[in-house]
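Novice: What follows is each chain in one-letter form.
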Amino acid sequence: MERRCPYAPPAEYDELRAENPVTKVELPTGRQAWALTRHEDVRAMLADPRFSSDRMSPQFPTLVDNTQLRSTFRPSLISMDPPEHGPARRAVVGEFTVRRMEALRPRIQEIVDQAIDDLLAAGEPADLVTHVSLPVPSLVICEQLGVPYADHDFFQQHSSKLLNRETAQEDRRDAVDQLTSYLGKLITEKEAAPTDDLLGRQIVKQREEGKVDHEALVSLAFLLLVAGHETTANMISLGTVALLEHPDQLALLLNDPGVTLNAVEELLRYFTIAELATTRVATEDVEIGGVLIRAGEGVLGLSNAANHDPAAYDRPDELDIARGARNHVAFGFGAHQCLGQNLARMELQIVFDTLFRRVPGLRIEKPIDELDYKRNSTVYGLHSLPVAWS
Amino acid sequence: MKIATDVDRCVGAGQCVLAEPAVFDQDESDGTVVLLTDSVDGETAERVREATHICPAQALSILD
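Protein chains in written order, with our numbering: chain L, 1 to 390; chain R, 1 to 64.
Bear in mind the hints are in silico, worked out from the structure with no lab data behind them.
Remember, it's a predicted structure, so these values are computed and weren't measured experimentally.
Keep in mind that the hints are not guaranteed to be accurate.
To be verified - Simulated restraints on C-beta separations:
hint	chain 1	residue 1	chain 2	residue 2	range
1	R	ASP41	L	VAL204	41 to 47 Å
2	L	ARG107	R	SER29	21 to 27 Å
3	R	MET1	L	ALA168	27 to 33 Å
4	R	GLN58	L	THR29	50 to 56 Å
What the hints assert, rightly or not - A few chain R positions that, by computed beta-carbon distances, are all more than 10 Å from chain L:
hint	residue
5	LYS2
6	VAL17
7	SER39
8	ASP41
9	GLU43
10	ALA57
11	SER61
12	ILE62
Backbone N, C-alpha and C define an ideal beta-carbon position, used for all residues, glycine too.
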């Protein structure tokens with residue numbers, strides 16, 4: 001289902017939520033799955049351990065055929081269930097605590113300032129995606145993981161291929177192979193001489209516990225690199241468009257830096273760029289919203305529909321940066337809620353606080369409905385965003 | 001108002017810390033919730049209620 005206008009969730013979501021909030025839908029692969037559109041139901045499903053995240057399960061309702069990947073791909077955190085998931089997540093979540101993120105603030109501010117310098121130096125019109133949206137999260141995740149930023153073109157290219165639903169199965173396989181082999185070599189180097197970064201510290205930690213699990217580290221690095229790139233980049237681009245299109249909201253943000261926290265939550269809710277990360281498969285019969293979902297059936301927790309549920313938010317299709325939308329499910333809900341969410345929040349706050357203050361005349365050089373939207377990507381966003389400022 | 005935490009359920013999302021840093025903190029090594037006080041009132045209690053609601057792991061509860 002396509003987005004309207006091009007921000008709003010598909011109109012079908014509103015109809016489904018009102019008339020048939022737990023309903024059977026057919027996926028592009030021809031399989032059937034349940035679609036959930038109510039905030040309450042999506043949260044209940046995601047918090048229920050009877051729904052599995054095992055993306056390698058043949059029963060998992062993927063939108064693209066991934067049979068070729070299933071045989072070799074080592075599951076990462078997002079694909080694990082209990083009892084494996086808890087300890088695996090805890091091994092790394094200490095790297096993403098609120099306090100750790102706060103300690104990164106000065107460095108992220110430097111990265112954002114440099115990106116804005118580059119944008120201004122590029123001259124008008126410049127592409128915000130190239131100069132700000134992509135380099136900021138990319139540099140941050142590379143520094144955090146200890147991956148050379150010089151290679152960012154390589155992994156940006158392959159991660160967009162993976163996220164594009166139209167990528168052919170063999171190209172998808174090739175992208176996975178190339179990224180896996182690149183990260184495999186990098187981790188082997190770090191095993192020989194552990195560096196002071198997330199991957200290096202994981203190696204030291206695992207060694208203290210007895211054994212370094214090379215494959216698991218490759219899979220973790222893969223997940224964090226792919227997840228750390230496109231998601232935040234797309235939120236930077238879309239958030240910029242939304243704020244420029246709503247000058248009253250932008251004025252609120254500029255008048256009171258304290259509002260940025262809530263503004264970021266509202267933008268996350270409003271766009272919900274990764275609405276299908278919240279897909280699961282039932283391992284037992286479970287009742288959700290009064291409907292019995294049987295073991296083995298797939299469930300799409302449509303987080304974008306949930307985040308536009310009028311039962312959870314007044315005037316859900318309006319951007320209201322002061323509303324305090326902290327209970328949104330844009331980062332998911334339950335045991336798998338986004339590991340990097342506080343890093344993403346920090347990056348978005350700093351970008352929006354800095355960009356509109358340093359570049360007060362910022363404007364978009366194209367009508368917003370003619371911008372190059374990622375309509376066929378697992379993560380919604382913009383391929384480019386031409387801007388000018390004088 | 002009394003607060004209880006279930007550290008075994010906690011997934012270290014840090015939502016409670018963002019909601020009320022005077023009451024919640026995270027363990028340095030595994031990110032799990034650390035309670036700085038287990039009894040609160042007034043506006044702090046409201047923010048703790050919100051934290052309980054947004055906790056993705058449903059690891060927080062209010063006892064009275």
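Novice: Each hint should be assessed against the structure and marked as holding or not.
Specialist: Each hint, compared with the structure:
no. : hint                           : verdict
1   : R:ASP41 - L:VAL204: 41 to 47 Å : 44 Å, holds
2   : L:ARG107 - R:SER29: 21 to 27 Å : 22 Å, holds
3   : R:MET1 - L:ALA168: 27 to 33 Å  : 57 Å, violated
4   : R:GLN58 - L:THR29: 50 to 56 Å  : 32 Å, violated
5   : LYS2                           : 23 Å, holds
6   : VAL17                          : 4 Å, violated
7   : SER39                          : 22 Å, holds
8   : ASP41                          : 21 Å, holds
9   : GLU43                          : 14 Å, holds
10  : ALA57                          : 6 Å, violated
11  : SER61                          : 14 Å, holds
12  : ILE62                          : 16 Å, holds
Hints 3, 4, 6 and 10, counting from the list given before, are not met by this structure.
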